[in-house]
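Spelled out from the first residue to the last, the chains are:
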Amino acid sequence: MGVGGGGGGGGGGEAGEGEVAVRKRWRVKVRLSTAAVVVWVLASAALWAGLHWRFRRAALHKAEEGLVCMCEERARMLQDQFAVSVNHVHALAILVATFHYDKLPPALDQDTFAAYAARTSFERPLLSGVAYAQRVVHADRESFERQQGWIIKTMKHEPSSVQDEYAPVIYSQETISYIEGLDVMSGEEDRENILRARATGKAVLTSPFRLMSNHLGVVLTFPVYLVDLPEDAKVEDRVSATAGYLGGAFDVESLVENLLRQLAGNQELVVNVYDVTNHSNPLVMYGSEIPLATPSPSHTCMLDFGDPFRKHHMICRYRNKPHVPWSAITTPSGVFVICMLVGYIVYAAWSRYDNVKEDCRKMEELKKRAEAADIAKSQFLATVSHEIRTPMNGVLGMLDMLLDTELKSTQRDYAQTAQVCGKALISLINEVLDRAKIEAGKLDLESVPFDLRSILDDVISLFSSKSREKGIELAVYVSEKVPEILLGDPGRFRQIITNLVGNSIKFTERGHIFVQVHLADHSNLATEAKTEPVANGMNGHKDEASAISTSVTQNTLSGFEAADSRNNWENFNLLLSYETNEMPYGSCSDKVTLVVSVEDTGIGIPLHAQGRVFTPFMQADSSTSRNYGGTGIGLSISKCLVEIMGGQINFVSRPLVGSTFTFTAVLRRCDKNAISDNKPVLLHPLPSSFKGLSAVLVDKRPVRATVTKYHLQRLGIASEVVSTTELVLSVLSGSNGSSLTSMGNKQPGMLLIESDSWGSQMDVSIHARLQEMKQNGRTHLLPKVFLLSAAESDKVKTIHLVDSVITKPLKASALAACLFQALGITQPSNENRNDSGSLHGRDGSGSLHGLLLGKNILVVDDNKVNLRVAAGTLKKYGAKVECVESGKHALSLLQVPYKFDLCLMDIQMPEMDGFEATRQIRAMEGKANEQADNGDDSGSESPAKTAKWHLPILAMTADVIQATHEECTKCGMDGYVSKPFEEKQLFQAVQKFLGPSMSS
Amino acid sequence: MEYSNLRRQTIFMKKNLFDQGFLDEQFNQLEELQDESSPNFVEEVVDLFFKDSSRLLTNIEQAIDKYPQDFYRLDSLVHQFKGSGSSIGALRVKNECSVFKAHCNDRSLEGCRRSFQKIKREHATLKQKLESYFQLLRQVGPREHAVSSRK
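Sequence lines, in order, name chains B and H. Each residue of the first sequence is one higher than the one before, starting from -8 at the first, in the numbering used here. Each residue of the second sequence is one higher than the one before, starting from 837 at the first, in the numbering used here.
Hint data in this document are derived by calculation from the structure and do not stem from the laboratory. Careful, some of the hints might be misleading.
Unchecked claim - Residues from chain H that keep clear of chain B, each with C-beta distances beyond 12 Å, as calculated:
#1 842
#2 887
#3 906
#4 944
#5 950
Claimed, not checked - What follows is a list of derived Cβ distance ranges for each label pair:
#6 402/B to 883/H: 21 to 27 Å
#7 942/H to 457/B: 30 to 36 Å
#8 861/H to 457/B: 33 to 39 Å
#9 368/B to 960/H: 52 to 58 Å
#10 374/B to 890/H: 45 to 51 Å
#11 966/B to 960/H: 19 to 25 Å
What the hints assert, rightly or not - With a Cα cut of at most 27 Å, we get these calculated BS3-like pairs of lysine-lysine:
#12 887/H to 866/B
#13 348/B to 358/B
#14 472/B to 937/H
Since this is a predicted model, take the numbers as computed values, not measurements. A virtual CB, placed ideally from N, CA and C, is assigned to each residue, including glycine.
In isolation and in its complexed conformation, chain H is listed as follows (with noise of 0.2 Å):
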């Protein structure tokens, strides 16, 4: 009983994440993947790029403060972000990103900076969100797998 409420419990927060736009279809992609060979694939995944997004992040941070008119920059940097961002299935953040993206185009610093701090706030809410949501499946663990396996 208790496996199946914990079952429950993922698929349900699996569907609120999905719900309120913090992933995408990527993501299903990304747990398709997994498999006997790869268990952990999508966390290894997303780990990898929380890693990467918070050495971006500061990337980001002291390119605005050291280079606040070299939007090529920014731009590229921030499409890294997204990069990585749209793959994991990262939605919020790679809409946010399309947003300071487009700030970089009209060249409006202001817009970056705003645009920058949402993006660090979408980034870490999802960081802690992803977090619960592996704990929880590492609790589901195994049989999670048999299940996957068979489908």
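Next up, chain B with everything else stripped away, as it sits in the complex (with noise of 0.2 Å):
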């Protein structure tokens, strides 16, 4: 319909097009919807007319069929009543001619007449009369006037004229007496009435006139014949045969009204009897002669009054106009309403489909305009990171000189962790840059080898001040089944870690947060064996495998609860033990499948809000944010980086218990010997100076305790847990030799004590009995007392008592720096010097020093000082240089086989450049590796082959730009060095060819 073709005028909106347009189709759409409107309203207009017109057209044609039916019905019982009088008068001529003419002398008489008419005239309701008059010719009239005793008058009671013939009136019926004796023929009507009826025989009728009575009627008139007469007579044989006439008068008009009375109906109509024999000039015979005001429908019927020669009809109308039934009104008006109703429907649809898609293409235009906002955030991002990290490396750089300075070891090791610090400040700054990349999928992660405990401890020691100013306990402990090296991208796994950590440490009050690793294959046999569907864990709401523990309250690492109920001590033992039995994990594969999870006991993660973690930019509510601080991007980013690393990442967490993230990810083992000399670069090498010692630690809480010995473990020293201080000097006495099994003999140089182990009247006891111990001889070498503790604040207290206060969180350097102080241990002077002296710190020389000592360069520049300078560097890091000025001269010591493991040549210098010397190594290089080819079978070891002769060839050039990159790559040269050498690039670009697998 036209409302639903207006709608589909305004589809598919182009956001891009401008407001004008817009504007300009809505009033389109809206001229169309009103014309829409209007169209349908007429329409609806015009279907009720047409309606109404119907309705009133089938009610009229059944008013009129039913005054035909009216008509009609009237019509036939007025002529049956009229032909019922007309026999009977018939019947009375018959009667006169029988009974005045057949008879000698007439039976009849007047009163005799008189008398049966009136005694008849039931029979003839119709007739107000009847007559009988003789025909009299001129001749007879004397004798009739004389056998009468009248004499003939004519109509006006005067004595009739003399005429050819008479017809006076002899015999009537009382009702009309005043009749007799009157010539009949002398009235113009009646003397036509009866030269017809005597011509014809039959009754004949006369027009319609006033009767004596005042009412219209006709007068009816019969002849009566002397002879019967044959049907076919002639004219001059009836007239000659006519004896007389009976007449009588019709009133019609009381005959009609008795009738009308009688039949239903009778109200509603007008009916109107006519004479018609004379077409132009209809004589009223009964009714009104006025018509109607108004045309109303009428009915003609035709009578026949058994007058050949009259002719009659009757004419019915309906007296009032047909009143139109109200159903004509009401259908049409329902049909029109619920048009109406439908047309606002469908308009209604119309519009709301309208806005829809309005609505849509607004949205449209908004997602078009966040994603430009998203691509601006990104370039805001990235022009802001862009600025943190030119300062960051302005903090970064002067770190390294104040590291470079003389230092103590406490100092040493703040200005190394703010080092570190600002180091993972610029890697999340570039990880959360990194977030576009993971989502384009274009990140590619490293695969480089890596001390993943160092990497935990660099973490822990981000978080270290934060948790020591809340009092939550930090710690970390590595399944020792988890290889030393792995190789992976330490950068991405230490991005996952620090961002759980960071999260749980904004998220905790008081408790723990508690990091471990642990090998896949253990953590299922751990899990299965307890039927619970995943495991990492270690905390416990029981305490039965161990005899150790004195603690009523849940024993986790701090004591809190922890969310994954799976991490109980009992679980973590079993996980432990698992790990202590020789498993056959290993050997066999090269990936090493880790479970990472991070524990703490902060406010947890409501049920709602638990669905959406992983979203980017979701936090649990929005008053998080408000409380907490944070983007919410960190928990998303991890998620892509567990992934791409092949893992899976999932929580357990119970609000107002805590929360359990748990991560596999899938990493390769490295072989410890094959990188160690050549890529120390993420390795932070631990003192090796405490191997052999031993040392007691007091821990009530075992888990805590593991992770304590874990710390010790690595620094090579063998510890033995107890749960309280008693049991400490029982075990230093001696009495109780038996729990010290690991130890043997060996008297344990430290003692190691938790804080909260620590009494107010044991500390000074235990000080006590030690000096006794001392005294008495009984151990030679008292042992030092390191009190455990997370809160500065135990330090003041008992730094009398201790030998030295060991902050937590534990990492196994900050240990290893204590100890060194309490101990009186000095550091060796290399390890320290290789850890943190030269200028370029543990990152530059140290391994350009592995990849280049012993190794053969060759070096050709042009420049003697730019050749001076660079064999000086590379024979600093320990390599052979030979330096050749000219690249001819070059060629000429380059002959297969090679003695250089690595040829720096400039690009610029005169008689041949540096791509020209290149190219034709190359190609003397292609025919030696033919050769070998040629007399080797060529084919499985070709690889190999091609690989032997190839010099890796670097250029030194000074302006490191993509152009010339591309032209060193493209003449066979292997890649660039800066030039003057920078440490960091030249080992970068270095370390590719002299890796372990090249140099042989």
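Assembly of the complex is requested from the two constituent chains, each provided in isolation within its own frame, with the hints serving as guidance.
Below you can see the structure in the form of structure tokens.
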């Protein structure tokens, strides 16, 4: 319909269109819809009219049918009654003929006739009276007058003048006795009637006229013949045989009146009866002459009163104009209303559709805007992070320089921590930027060897100040089955853990945060044993496995309950026991699947928010970011990263109890020996001075004790755990030596006591006992006493009673520093230097030294100064350097088999530049390899062969731009180094070629 | 006392050289390379530089006179000069070389000449300063080595 068509026009909103176009379209739409509404209303009105007309016509038709029916009925009845009356008059005529003429003397007289007529008048209700007039010719007039005793008078009661013949009434009914003796032929109508009647031999009627009763009526005349005439008798015969005439006046008016009164519906109808013998001038026989004002339907019925000469008809019409039936108005009105409703519904639907489409278009626009904003956001991030990176580099540089100065070991540790944190910050910034990459699927993971434990230490130190501030235990435990060196992306790994720990620390106010790493196999085994779905854990509600626990609180790291109840001590112990059993876990496969869990006792994640934890920028609720800060991007990045690493991340969280995030990551095993001397970049070797020492640890919490033990173990210190200080004393005094199975008879040099095991009276007693023991000579060396404390405040309280306080969170390097100080062991100087000495720190020179040591390097440069400097630098890293000043000279030296491991070549040289020289070298190599292939059977070991004669050639160039780089590779060079050398860049460039696999 | 005075003087002088922009980090790295096996490494390299550069400067001068329109030749000569300059960390010389090369790119002989004069001037200043620096260093001499080896 029209409305729908109007709606179809407004489709397909292109968001790019201008506001003007939109407004224009809107106006067109409004116009269309208005037109549609008008058309629809008009159509509905037309329908209404049409229906109304139809109903009206139907009603009218029905009324007409009723009219016809009633009219016919009336006409027929009238005709019938008339016919009955006429028959009776006929019978009277026959009576007169029989008794007046056939009998001689006539058996009839006036009295008899009058009596008979009166007595049979019920048969002729329509006739006011009947009379018989005898035909009297003029010749007989006198005899007739004499015989009757009166003279013939005219209708005007005057003596009749001389006529050819007369028809004086001789017998009459009493009702009309006044016409006795009158010559009916003197009346115009009567005369005509008489003439016609005797000519036809039938009843004839006059035209209507006023009767003496002042009613309209007609006179019926029958001829009376002297003889019976045949039907086809001639007119002359009939005239001559005529004896007289019987007549009667029909009172049509009362006749019809009576008749109508008998019939139903009388009131509605107006009936007129006309004599239409003369068509042009119908004469009214009944009914009012005045036509009704409004032309109303009428019906005309022909009436046959038996006189063929006269024609009559009856016209019926309704008295009132037939009223229009209610249904003719109500039904179309109903239909109209329905149409309006339908129209409205369609209109509403259309406008709704239109609105929805408009909204859709708007949303599309908003979406585009949002996307643009997203791009702007990314650009903003890039800019800001760049701006942050610049000053941060300054900070890091300064820290670097600070580390080069003479520092106390604590100061050094602080400065290093600051540096590590700064680096972590920079890497975090980079990582946030990487999110775009992750989403685009463009992130590639590095695969370099790294030490997982030191990475975890870094993470711990990143958060140590925060955890100390809040008084939270922050601890890390790495299963000893996890290989020391793993191949993977340390940055990403660290990012994930940093993020999870950062989150935990943000939402934890008391209790602990515990990071642990296990191998997936063990973890699975442990959980399968417990028939629980996932496992990673360590806290406990009960403690039946460990006899040393005296705690009544939850047996977790800090004593607070953790969300993942699988992480109980029982489970953890099980895990540990699996690990200590020799499992054939690794040797067969190259892949190592780690399960890392980060457990906290924080506020937990509300149940309703748990579903969207990994959605970017979604925090538990909006108040979270108000109270705790943060962007909410971290977990989503972590999830992406974990998935890229081939793992999964999930969590268990109970509100107000805590959360435990667990993820798996697939890393590759790395042979430590293969990389130890080449790539110590990411390894922070721990001092080995403590190897062989032993310690006693006092801790009532087995989980925490395990963590401490783990750290001591990394330093090579064997430790034994006891739960109370009393036990320590007995251990030390040797009275309970059985518990010290692992240490045998060796006297522990260290006594580490957890601060919460340190009772106020206990400390004094320990001190006293130790002194006493020394004096007794039972122990020749007094063990150093350390307090493990999470808060700085403990330091003050106990400083005079213990040798040193180790501040938590524990990490191996800090522990080592503290032990050095307290035990008075001097750090081996070379180790110290390697660790933090030279200008470029740990990640520069040491590694280059490892790479270049003993390598033969050919340096080609026409510039003597450059040559000298390059040679000097390389020599410093232990390389054997040969210098030549031209490409030609270099070629002469470079003949297969090479003695050089690497060639550094200047590009711009007179005679033969670096590119050309390289090209020639490669050509020569190609020839040599071909020969080798031909000599040998080429095929299976051809890659090894080709690799054999490929001297790594690096360009030395001052302008490190892409074009030069491309040209380098084009002519067969393997890379470039900047000139003058930058150690880091040099290392990166050289690493590829002088790595462990290359150097035989 | 005298020793520490001298030492302070050297350090001050070096700091001045750095502050005035004659030298850059590369010079430090050169000193870094100096150890027992090559005790006079820096001086050796610097001598080499000045010998080489004198030759180069003569070459450049001749080239400017003989082939004033051969900017390519000029450019490559200056490039060499710049290369050796940056090897010892002669920052100002290096920068001036860059200016020269820019003039070469613009094919502006006049600019080149001006730049060349400046290069010569910088070169001479540097030479003089470094010579006095090494003079001083030689006086500090052996003990400096001891310090650096301990460092």
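Hint by hint, work out which the structure violates, then give me just those numbers in ascending order. 2, 6, 7, 11, 14
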